[in-house]
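Model the full structure from these sequences, guided by the hints.
Chains as they are written, first to last, in the working numbering: chain A, 431 to 730; chain B, 431 to 730.
One or more hints might be untrue.
Same chains, same label: a pair holds when it works inside one copy or across any pair of copies.
Said to hold, decoys possible - Capping the alpha-carbon separation at 25 Å, the derived lysine to any residue pairs in SDA-like fashion look like this:
1) Lys472 with Glu713
2) Lys554 with Arg453
3) Lys640 with Gly594
4) Lys474 with Lys640
5) Lys474 with Gly556
6) Lys517 with Glu631
7) Lys592 with Asp480
8) Lys433 with Ala482
Honestly, the hints are just simulated from the structure, not real lab data.
Number of protein chains: 2
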Amino acid sequence: MFKTVLIAGVGLIGSSLARVLRREGLAGEIRGAGRSADTLRKAKELGVIDAAFDSVEAGAKDADAVFVCTPVGRIVETVGRAASVMKKGAIVSDVGSVKSTIASVETPDGVFFVPAHPVAGTEKSGPENGFAELFEGRWCILTPTEKTDKGATAVIRRVWEKAGMRVEEMSPERHDRVMALMSHLPHLIAYTIVGTAADLEEQTRNDVLKYAAGGFRDFTRIAGSDPVMWRDIFLNNTDAVLDGLQRFTEDLTVLQRAIRRKDGAALQEWFTRTRDIRRRIVEVRQDTPESEKLLLKGKK
Amino acid sequence: MFKTVLIAGVGLIGSSLARVLRREGLAGEIRGAGRSADTLRKAKELGVIDAAFDSVEAGAKDADAVFVCTPVGRIVETVGRAASVMKKGAIVSDVGSVKSTIASVETPDGVFFVPAHPVAGTEKSGPENGFAELFEGRWCILTPTEKTDKGATAVIRRVWEKAGMRVEEMSPERHDRVMALMSHLPHLIAYTIVGTAADLEEQTRNDVLKYAAGGFRDFTRIAGSDPVMWRDIFLNNTDAVLDGLQRFTEDLTVLQRAIRRKDGAALQEWFTRTRDIRRRIVEVRQDTPESEKLLLKGKK
Numbered sequence: 431m432f433k434t435v436l437i438a439g440v441g442l443i444g445s446s447l448a449r450v451l452r453r454e455g456l457a458g459e460i461r462g463a464g465r466s467a468d469t470l471r472k473a474k475e476l477g478v479i480d481a482a483f484d485s486v487e488a489g490a491k492d493a494d495a496v497f498v499c500t501p502v503g504r505i506v507e508t509v510g511r512a513a514s515v516m517k518k519g520a521i522v523s524d525v526g527s528v529k530s531t532i533a534s535v536e537t538p539d540g541v542f543f544v545p546a547h548p549v550a551g552t553e554k555s556g557p558e559n560g561f562a563e564l565f566e567g568r569w570c571i572l573t574p575t576e577k578t579d580k581g582a583t584a585v586i587r588r589v590w591e592k593a594g595m596r597v598e599e600m601s602p603e604r605h606d607r608v609m610a611l612m613s614h615l616p617h618l619i620a621y622t623i624v625g626t627a628a629d630l631e632e633q634t635r636n637d638v639l640k641y642a643a644g645g646f647r648d649f650t651r652i653a654g655s656d657p658v659m660w661r662d663i664f665l666n667n668t669d670a671v672l673d674g675l676q677r678f679t680e681d682l683t684v685l686q687r688a689i690r691r692k693d694g695a696a697l698q699e700w701f702t703r704t705r706d707i708r709r710r711i712v713e714v715r716q717d718t719p720e721s722e723k724l725l726l727k728g729k730k
Numbered sequence: 431m432f433k434t435v436l437i438a439g440v441g442l443i444g445s446s447l448a449r450v451l452r453r454e455g456l457a458g459e460i461r462g463a464g465r466s467a468d469t470l471r472k473a474k475e476l477g478v479i480d481a482a483f484d485s486v487e488a489g490a491k492d493a494d495a496v497f498v499c500t501p502v503g504r505i506v507e508t509v510g511r512a513a514s515v516m517k518k519g520a521i522v523s524d525v526g527s528v529k530s531t532i533a534s535v536e537t538p539d540g541v542f543f544v545p546a547h548p549v550a551g552t553e554k555s556g557p558e559n560g561f562a563e564l565f566e567g568r569w570c571i572l573t574p575t576e577k578t579d580k581g582a583t584a585v586i587r588r589v590w591e592k593a594g595m596r597v598e599e600m601s602p603e604r605h606d607r608v609m610a611l612m613s614h615l616p617h618l619i620a621y622t623i624v625g626t627a628a629d630l631e632e633q634t635r636n637d638v639l640k641y642a643a644g645g646f647r648d649f650t651r652i653a654g655s656d657p658v659m660w661r662d663i664f665l666n667n668t669d670a671v672l673d674g675l676q677r678f679t680e681d682l683t684v685l686q687r688a689i690r691r692k693d694g695a696a697l698q699e700w701f702t703r704t705r706d707i708r709r710r711i712v713e714v715r716q717d718t719p720e721s722e723k724l725l726l727k728g729k730k
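This is the structure:
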């Protein structure tokens, strides 16, 4: 599909994509670029990339495709730098978790930008934690604008379909509104409560960490996600996150009031409704059974 | 260890305990009692219990030990009803997730009550979802008072050790304070945000459910837990939960303010701190690797 591909940012997502390109034979040469020489070295040692470049421009020059897999905060700049040196007909795409601030980036005539978001990941970071199966059965959302080239969009769609993803298109604004509720707000809340526990008086804090189980353990896993990636997400999807946060706080206040008034009927009704939602999500097969998770991990 | 044991409430925990008693040969006859005839029938069909009793008194009479595995709201009453007919020297214990409202239950002379909380579970309910390995490597917290019999406490400790649990003792108040932060509050928050998503305008809600991934999927799993069990927990650990909720809300407001002001440094600092906490928890081996999870599921 491509003679030469550059992955700008060979972390969890970038290195997993590189592994897919290799497995599917979609690229002759897979190049890596990034700000961390250490990360690039690791990726090369792992055989994830064939060549490491210390500048995006050097790696993007004469590449057929560039995938920008940096934290959201550096995507616009990195796409611009790559596009500035890319040849006519080449495609640059990204994997950013926020799209409104990215989708409308301008590129030189004949260099095509396709904004994309493969909705996949783990709380781990770095090329050593990537694996080709990370994307399997997950959604990839493309957010093309009226300026986005249809042919280039079709090419990027095929890449993520080869990765095992179900690909859909929607507007950047709709994407960001959905992600705010579905991913950004839950992460913010997990980050919050884990921080709350860390501030407890010592005995209680040590007990919480020592006996950590059930809900809290799940929250700490979420709150173990990459700090820079998530900082950038909240700085780039501010309005949608703040709106979701407002709705959440109102609902939490309702439940707090029910607990204070010992209104068991209200609590049970609420909890029953959320359990039905869980069932619906499992029915639409958006959750991964443990067995599949192990399979994926095993294939790392 | 026991000639005859009654499990009052053969749901997820009760049926898993019954499977442990069977596997370890700790009981000659394993009886079940409960309010749902359907649940009792299932447990008997599964071979989890040898005999089903429609009243706790009938099953507790002449039993050497009774384990009350009902929702928290019915534990005090059920322990009392069992103890009222139990023979001298017999032991009644429970598995309640809240202890302050339970630990001080009075029993007739010679019938020993040992308040216990095996900290284990899944979001599933019912005897068909129980499995003997549910407790392995988890903590079991005993909350004996000055009135609790030392010998009986030692017996119950051995039962949970046979289940593979690490057993510790602490005061009921300390237990409830820790659980409020570590388990009850995270569940309340997960219940809240899943409910928030359910109230969104239709397109956004359907998108959230359709694309559910990452954080939100974890939350829906937590929010899929048994509504009655959790209603009772919040009605019985009200003060500790409300206190934790207050701390959480304050911290969330701080992060909300940082997002609104686009204070990236504050966000990154917070997220880095929570990641360190995650690392500490993984280091103390309180989290279960996927492989072990599959092993447990496979053994169901």
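Hints, verified against the model:
| no. | hint | result |
| --- | --- | --- |
| 1 | Lys472 with Glu713 | between (40 Å within a copy, 24 Å between copies) |
| 2 | Lys554 with Arg453 | within (22 Å within a copy, 38 Å between copies) |
| 3 | Lys640 with Gly594 | between (39 Å within a copy, 17 Å between copies) |
| 4 | Lys474 with Lys640 | neither (39 Å within a copy, 37 Å between copies) |
| 5 | Lys474 with Gly556 | within (13 Å within a copy, 50 Å between copies) |
| 6 | Lys517 with Glu631 | neither (59 Å within a copy, 44 Å between copies) |
| 7 | Lys592 with Asp480 | within (20 Å within a copy, 53 Å between copies) |
| 8 | Lys433 with Ala482 | within (16 Å within a copy, 70 Å between copies) |
In terms of the numbered hints stated before, the structure departs from hints 4, 6, listed from lowest to highest.
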